[in-house]
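Residue numbers (my numbering), protein chains in the order written: chain A, 1 to 288; chain B, 1 to 268.
Hints are not guaranteed to be accurate.
Looking from chain B toward chain A, a few residues come up when the C-beta cut is under 10 Å (computed) [what the hints assert, rightly or not]:
1. Thr27
2. Phe28
3. Leu30
4. Leu34
5. Ala35
6. Leu175
7. Glu176
8. Phe182
9. Ala186
10. Ile190
11. Leu195
12. Phe196
Using C-beta positions, here's what the derived DEER-type ranges look like [as the list claims (entries may be wrong)]:
13. B:Asp142 <-> A:Tyr209: 34 to 44 Å
14. A:Glu76 <-> B:Leu124: 33 to 43 Å
15. A:Arg160 <-> B:Pro202: 17 to 27 Å
Derived from the structure by calculation, the hints contain no laboratory data.
No experiment lies behind these values; they were computed from the predicted model shown.
We treat Cβ as the ideally placed atom computed from N, Cα and C, and that holds for glycine.
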Amino acid sequence: MNTPAACSPPPSDAAGRSPAAWRRLRHHAAVYAVLCRNSLVREMSFKVNFTLWIVVELLWFALQLAFVAVIYQHTERIATWSRWEVVLLVGASHFIQQVFTALFLTNCVQLSDHIRTGRLDFFLLLPVNTRFLLSVRQVDLGAFVNAASAVVVMGYAAVRLELEPGPAQLAGFGLLCAAGVLIHYALMFMLTTVSFWTVQAQGIVWGYYNLFNVARVPDAAFRPGAFKVVFTFVLPMLLVANVPTKLLADKLGSPLEILLLVALAGVCFGVSVRVWRFAVRHYTSASS
Amino acid sequence: MSKYWHVFNIGIQNTLVYRVNFLFRATFGLVPLLATLYLWRAIYASNPDNPQVAGYTLAAMTSYYLVTTIVDALTAVTEDDWQIAADIRDGRISQFLLKPMDYLTYRLCLFGAGRIVYATAALLPVGLFVALQHQHLIGPPDAGYFAAFALSTLLTALLQFLLSYTMALLAFWLLEISTFVFILFAFEYIAGGHLFPLDILPAGVLAVLQFTPFPYQLYFPVSIYLGRVQGAELAQGLVLQAAWVLIAYALARWVWTRGIKHYSAAGG
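Chain A extracted, bound-state conformation (with noise of 0.2 Å):
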């Protein structure tokens, strides 16, 4: 942040890649430094209500696995799945989920109004990336609480399934958990991008909400159908929980699984590049 050199835009090839790169990456690690503080120290101003939100999540996450407990008191099985399966699916969602919300949704769904008020404007200004900016600028820290919480709900599915996961499944499992973040901010990004057209993109906000719902029901429930297809290949809800979940329980039907939720997650980002970029292209600024 100090170095006026971080600050100016970085030299083209000619200078060489890998420094320039290096540069970029140190910088804009910096300034996320400085924004996580911020989100810090804005949270603790309100400090019972950061807690009452925690509470909130919990309460949520709770009401999932009541309807899992409830439905496996009437059937041994849904499909392939048996109870703890299925509550090892329900935590890697809501671990996703929260590690999304704590990274991107607040950003996300500010977007729209930083267009509607002009304010992107001076985000365009600013000597960073306007799309990184703009993606994590607040940090909701409360979101990793609950994103824990879902850990220890995993941790203890996975000892009543007796899963003993060795280091390589450990990390692909993490791996695969950031493909499905980062699907879940491709989608969402891009789709409060449209609000630059509609200036009002709550009703979609909360539509993705609903979406959420859908990745934490076992594939395996779904026959081949519309449904399936749409849901696993164009918005790739069925993979982004289900996969990292069947790699962890030893269910995985083929290697191809995780090589889809990958492929699907870089051209979901891709997807996500060209129309932010398109949209900014078209932005005519408001109330300036």
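Position chain B against the provided structure of chain A, taking the given hints into account.
What follows is chain B alone, placed relative to chain A:
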């Protein structure tokens, strides 16, 4: 009376602005519903020698969720509680203390108008969805049950409104009420029967829930429609539901009186 009729008309016109928003909302809401229906279908398919879950056939279970969606579209409080809280926080209710207009009745008119516009907007996607699932939809046993269902749905709407209204009045004392609203909503969601029909719960849990207003916020009208409550039980349920509406009304009035004493008319 005619002044409230005007309020109702204004409410209709104001919410008509959001018709596309409502349409999206209703359509997106069908996605998790469809996922839940697939989930239940898979459960029934996993137990081929047992065609019933706690007395529900697959058709009855599907109908439960479809009727739930319809009752929810007709009775759920969506924006009203936020608006009431904002009215209090920003001091906009001061004008109601001066005018010969009762705030509760005013809000009730707006709620009714909002529900009518929402239900109309939701008619297309939800109607289409129900039509697609029609082979699983069972009707009420006879016209009498349908009448009781309609009456109970009306009481549900009143109960939903009055409880949300009372919750929103917390804004007299607190700056930020959204966490409390979401906590109440979580209880309504599970104990009201949004997630699953309450009678698949263990009998002891269900018996405890019967002492709360939650089952009367959704589950009760739906189980009338499905013919799962009958005769004396039905009559008793309707009386209890009406009693909860009266209790909620009394509570709303009492909290309002207390709140007004505390009110500082910030910004107004």
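Now for the hints, and whether the structure bears them out:
1. For Thr27 of chain B, the shortest C-beta to C-beta distance to chain A is roughly 8 Å, which falls under 10 Å, so the interface hint holds.
2. Checking Phe28 of chain B against chain A by beta carbon gives a least distance of about 3 Å; that is within 10 Å, so the hint holds.
3. For Leu30 of chain B, the interface hint holds, since its Cβ comes within 10 Å of a Cβ in chain A; the closest pair sits about 9 Å apart.
4. Hint status for Leu34 of chain B: holds, given a least beta-carbon distance of 6 Å to chain A, under 10 Å.
5. Because the beta carbon of Ala35 of chain B sits about 5 Å from the nearest beta carbon in chain A, less than 10 Å, this interface hint is met.
6. At its closest, the beta carbon of Leu175 of chain B sits 9 Å from a beta carbon of chain A; the interface hint therefore holds under the 10 Å criterion.
7. Using the Cβ-Cβ criterion of 10 Å, the hint placing Glu176 of chain B at the interface with chain A is satisfied: the shortest such distance is roughly 6 Å.
8. A cut of 10 Å between beta carbons decides the hint on Phe182 of chain B: the least distance to chain A is about 5 Å, and the hint holds.
9. A distance limit of 10 Å between C-beta atoms decides the matter here; for Ala186 of chain B the minimum to chain A is near 5 Å, and the interface restraint holds.
10. For Ile190 of chain B, the interface hint holds, the least distance from its beta-carbon to any beta-carbon of chain A being 5 Å, beneath 10 Å.
11. Checking Leu195 of chain B against chain A by beta carbon gives a least distance of about 5 Å; that is within 10 Å, so the hint holds.
12. Checking Phe196 of chain B against chain A: minimum C-beta separation of about 6 Å stays under 10 Å; hint holds.
13. Range check, Asp142 of chain B to Tyr209 of chain A: about 39 Å between beta-carbon atoms, so the 34 to 44 Å window is met.
14. For the pair Glu76 of chain A and Leu124 of chain B, the beta carbons lie near 40 Å from each other, so the given range of 33 to 43 Å is met.
15. Roughly 21 Å separates the CB atoms of Arg160 of chain A and Pro202 of chain B, a value that falls within the hinted 17 to 27 Å.
When each numbered hint is compared with the structure, no violation occurs for any of them.
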